[in-house]
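K.L.:
Sequence:
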Amino acid sequence: MGRTTVSYRMALLRELERFRKIIARLPKDEEARWEEILEDIEDTISIYSDIPVNDPLEIIYFHILRRFLREDVS
Numbered sequence: 000m001g002r003t004t005v006s007y008r009m010a011l012l013r014e015l016e017r018f019r020k021i022i023a024r025l026p027k028d029e030e031a032r033w034e035e036i037l038e039d040i041e042d043t044i045s046i047y048s049d050i051p052v053n054d055p056l057e058i059i060y061f062h063i064l065r066r067f068l069r070e071d072v073s
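Each residue of the sequence shown is one higher than the one before, counting from 0 in numbering that gives the first Met the number 0.
If you are wondering where the hints come from, they were derived from the structure by calculation, not from laboratory data. Please note: incorrect hints may appear among the correct ones.
[To be verified] Derived Cβ-Cβ restraints for the label pairs, each shown as a range:
1. ASP49 - ASP28: 33 to 39 Å
2. ILE46 - ARG13: 16 to 22 Å
3. ALA31 - PRO51: 32 to 38 Å
4. ILE46 - PRO26: 27 to 33 Å
5. PRO51 - LYS20: 17 to 23 Å
6. PHE67 - GLU14: 30 to 36 Å
7. GLU30 - LEU68: 31 to 37 Å
8. ILE63 - ARG8: 16 to 22 Å
9. PRO51 - ALA23: 27 to 33 Å
10. SER6 - ASP28: 30 to 36 Å
Cβ coordinates follow ideal geometry from the N, Cα and C atoms, glycine included.
Let the sequences and hints guide you as you build the complete structure.
P.N.:
Following this line, the structure appears as structure tokens:
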């Protein structure tokens, strides 16, 4: 019998939802900062579109590192 596997994108969206639940419990200034950091994650997701992903958290971590390397985020 065949087996259904969850796409990395669905797994990633689940993890982002979990992160956002945690972020919502932070003080408002921290919450706003985290939302700013995560706002353009689609760009990072597209980088991974043809690369096998074992752990969806890798994409989130890589995205956060990318954001901190930009001049506009310190």
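K.L.:
Does the beta carbon distance between SER6 and ASP28 stay inside 30 to 36 Å, or does it fall outside?
P.N.:
35 Å, holds
K.L.:
For the range 27 to 33 Å, tell me whether the beta carbons of ILE46 and PRO26 fit it or not.
P.N.:
31 Å, holds
K.L.:
For the hint 31 to 37 Å, verify it against the beta carbon of GLU30 and that of LEU68.
P.N.:
Given about 22 Å between the Cβ atoms, the range is violated.
K.L.:
Just tell me: holds or violated, for the beta carbon distance of ALA31 and PRO51 against 32 to 38 Å?
P.N.:
34 Å, holds
K.L.:
Verify the CB-CB distance for ILE46 and ARG13 against the hinted window 16 to 22 Å.
P.N.:
20 Å, holds
K.L.:
Could one say that the CB atoms of PRO51 and LYS20 fall in the range 17 to 23 Å?
P.N.:
28 Å, violated
K.L.:
Using the Cβ atoms, figure out if PRO51 sits within 27 to 33 Å of ALA23.
P.N.:
32 Å, holds
K.L.:
Determine whether the Cβ-Cβ distance between ILE63 and ARG8 falls within the hinted range of 16 to 22 Å.
P.N.:
18 Å, holds
K.L.:
Taking the beta carbons of PHE67 and GLU14, is their distance inside 30 to 36 Å?
P.N.:
19 Å, violated
K.L.:
Can you let me know if the beta-carbon spacing of ASP49 and ASP28 is within 33 to 39 Å?
P.N.:
Cβ of ASP49 to Cβ of ASP28: about 38 Å, so the range 33 to 39 Å holds.
Of the numbered hints listed earlier, those contradicted by the structure are 5, 6 and 7.
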